[in-house]
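Undergrad: Chain residues, written in single-letter form:
There are 2 protein chains.
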Amino acid sequence: MPEDFPADSVGLVRPQTMAFDTPLELACNRALGPYELVYETYGQLNATASNAILICHALSGHHHAAGFHDFDDRKPGWWNHYIGPGKPIDTDKFFIVSLNNLGGCNGSTGPTSINPATDKPWGPDFPKMRVRDWVNSQVRLADRLGINCWAAVIGGSLGGMQAMRWALEYPNRIKHCVVIASAMKLSAQNIAFNETARQAILADPEYHNGRYQEHQSYPKSGLSVARMIGHITYLSGDGMGKKFGRELRSGSFEQGVDEPVEFQIESYLRYQGGIFADSFDANTYLLMTRALDYFDLAREYQDNPVEAFKRAQCQFLVVSFNSDWRFAPERSREIVDALMGANKAVSYAEIDSSFGHDAFLLPNERYQTVFNNYMANVFLESIASDLKVNG
Amino acid sequence: MPEDFPADSVGLVRPQTMAFDTPLELACNRALGPYELVYETYGQLNATASNAILICHALSGHHHAAGFHDFDDRKPGWWNHYIGPGKPIDTDKFFIVSLNNLGGCNGSTGPTSINPATDKPWGPDFPKMRVRDWVNSQVRLADRLGINCWAAVIGGSLGGMQAMRWALEYPNRIKHCVVIASAMKLSAQNIAFNETARQAILADPEYHNGRYQEHQSYPKSGLSVARMIGHITYLSGDGMGKKFGRELRSGSFEQGVDEPVEFQIESYLRYQGGIFADSFDANTYLLMTRALDYFDLAREYQDNPVEAFKRAQCQFLVVSFNSDWRFAPERSREIVDALMGANKAVSYAEIDSSFGHDAFLLPNERYQTVFNNYMANVFLESIASDLKVNG
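Protein sequences, first through last, are from chains A and B.
Count along the first sequence from 1, then add 80; that gives the number in this note's numbering.
Count along the second sequence from 1, then add 80; that gives the number in this note's numbering.
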């Protein structure tokens, strides 16, 4: 009964799987294939395929960005606030494609898949992925879906890096690039947090050098600590203070009382770490954080972002959040400055929010307005180009 | 040969041990004792004992704050930049006492000591320590050293919390309180980082519920990850960027090259984590981080810092560093505001530094000047009070 779903939801969605027989050449010089990509689509592709939008996911994201998988689903897809009828990424206007990236753990070929060469799970032998490899795999998906040019490629965080890579490497196949809470490359501090998270996983004896599946074990503790580290950096200090403060979950600070004290923030973080560790693959976590660390937009453009962006033919929307210290507004402003240096059309919005990096997933009036207005223009342009084609 | 030591060093120092037979009543309602405190002293106590200074250490600190333990020592004590002849804490003027706190792992009674009730190491059964317990133990040490009133109690970070607790609970025994890079209580984010570090230790199977000594094991991996987390938060993002950037230690990002890439920051952090884990006790780390979390200056003063500070009789110097995000200047300004609200004499300096929280340990011209000038006045006052006594 569709009545069960909110009116602004895309409702019931079903993941699809596309198999690719031809191996994909990777940046590391290895080839991966055959492989499969799991993806979802929302909305209808128009006759000229001019209204297609690609959603690129972040570190722990996946293909399920909007709607519900069944009627008992209590939580919709991870970007449901922004994808749906009447929402910025409007399913009444656009045909939206959202995939699980290669190396992921939500259905696309990744470390938990069987390596045909050994008949065992890939585990740590799964090839290292770079952002450009994902983009290349997304190009093949676009080809198979009959999408020659995306009306927009959109992503937050690691997803924004994919969107920018699209703009540089496939300039004729993307009209708009929407880069939210992202950066042209990680800072030393970003890398430091990622490495500490990786060490937490690698130090867990259940990790078994990545072959935990073969050992029927799982590095849950390590992955949980890794997620706790990440989680702190996705929130802002102020936001955390407002939500949790120094409130106690149990125990007492009374003098003369010898009982364990637990702060709310402690149990919250442990709970989040545990939930994540139950549903995510440790090798995928390592692979995704390394892809983040390794991304450097302008590396092969003489480390000159202006030169890099000169290749782009699309228009850009860049969005940052003032309390985001993992991908701070300064990082977005660097993108904007480079785009302006390259004489590209760019809109930039710095949004007030206390939710830190996570803000890109959450409702926020100004963010919604900015996003909505930009996407309305993306749609008008796609119609206009159809009129030109037809006329 | 003393010629071997720098002229502005206190030279060779020798730790001393003081045994206390009478148990110390703790905030948790347990009593600890007999116990020992390890401490060092620098400079000469004057006849009226008016020139004594107490140094309180931070999370991973200890009694060895200045000078060298032997002629082969390559590294002096942890605050050698600020303690010595002609330095702010001038050993030609003051008699300086620096101890290892109870629960520590550098010689004072702590989790690695033998619990007389069981004849086994205390391990996780060592009583929970609060900042006030340390202050009470320091009071006893002062009594035994014949110091009725400190010319100053000085501490950075967790040490600053002890200095403030002195000012509130023993107002007649402290003339000056120097609080550097500290806070009246930790934020939710601070607690979150501490809890994640603790989880890294607790998750290490070598931890054995804290009884690793009895198991002849040691949670080195867990403690190393814990330290990595801490270390990131002691540095500033900018400082880390300047020092390490995205420089590689090994490997290459060339396309078509399949070799592991290692950033400088990764190997640096792992190295630091490993060194720390080799020299520190995991149960002490848990105990110290909990003492940090639990400290709340004004808790028993109706959560009103102004009311709390009204008890103080001393003068205050408060220092913060602009790139310190673990104990941000805002936290120091809260201390200053409360002191002013309580009509206390307070000097405040916010120092420019790119070294984050660690800046309190490092050379910095303005910090040195401010500290020096303040301490020069502390000394003049102590002389003046002696003249009054003698006159």
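A portion of the hints provided could be inaccurate.
Which copy is meant is left open, because identical chains are indistinguishable; a pair holds if it fits in one copy or across any two.
What the hints assert, rightly or not - Using 16 Å as the maximum straight-line C-alpha spacing, the simulated EDC-like pairs for lysine to aspartate or glutamate come out as follows:
| no. | residue 1 | residue 2 |
| --- | --- | --- |
| 1 | K300 | E327 |
| 2 | K390 | D417 |
| 3 | K200 | D466 |
| 4 | K208 | E342 |
| 5 | K424 | E414 |
| 6 | K208 | E334 |
| 7 | K424 | D199 |
| 8 | K208 | E339 |
| 9 | K300 | E461 |
| 10 | K208 | D338 |
| 11 | K323 | E410 |
| 12 | K255 | E342 |
No wet-lab data here; the hints were simulated from the structure.
None of these values were measured; they are calculated from a predicted model.
Undergrad: Indicate, hint by hint, whether the structure satisfies it.
TA: Hint by hint, here is what the structure shows:
For a Cα distance limit of 16 Å, the shortest separation of K300 from E327 qualifies neither inside one copy, at 27 Å, nor across copies, at 32 Å. When the C-alpha separation of K390 and D417 is checked against a cutoff of 16 Å, the pair qualifies only within one copy, where the shortest distance is 12 Å, while the shortest distance between copies is 52 Å. Taking CA atoms no more than 16 Å apart as the test, K200 paired with D466 passes in neither setting, with 49 Å inside one copy and 81 Å between copies. Proximity of K208 and E342 under a CA criterion of 16 Å is satisfied inter-copy only: 14 Å between copies versus 40 Å inside one chain copy.
In this homomeric assembly, K424 and E414 come within 16 Å of each other (Cα to Cα) only inside a single copy, at 14 Å, whereas the closest approach across copies is 46 Å. In this homomeric assembly, K208 and E334 come within 16 Å of each other (Cα to Cα) only across copies, at 13 Å, whereas the closest approach inside a single copy is 53 Å. Taking identical chains as interchangeable, the C-alpha atoms of K424 and D199 are never at most 16 Å apart, the minima being 49 Å within one chain and 74 Å between chains. Within a single copy, K208 and E339 get their C-alpha atoms only as close as 48 Å, which misses the 16 Å cut-off; across copies the closest is 10 Å, which meets it.
Taking the shortest alpha-carbon separations for K300 and E461, neither the intra-copy value of 48 Å nor the inter-copy value of 59 Å comes in at or below 16 Å. In this homomeric assembly, K208 and D338 come within 16 Å of each other (Cα to Cα) only across copies, at 8 Å, whereas the closest approach inside a single copy is 50 Å. Proximity of K323 to E410 under the C-alpha cut-off of 16 Å is found in neither arrangement, the shortest distances being 26 Å within a copy and 19 Å between copies. In this assembly of identical chains, K255 and E342 lie within 16 Å of each other by CA distance neither inside one copy nor across copies; the values are 51 Å within and 36 Å between.
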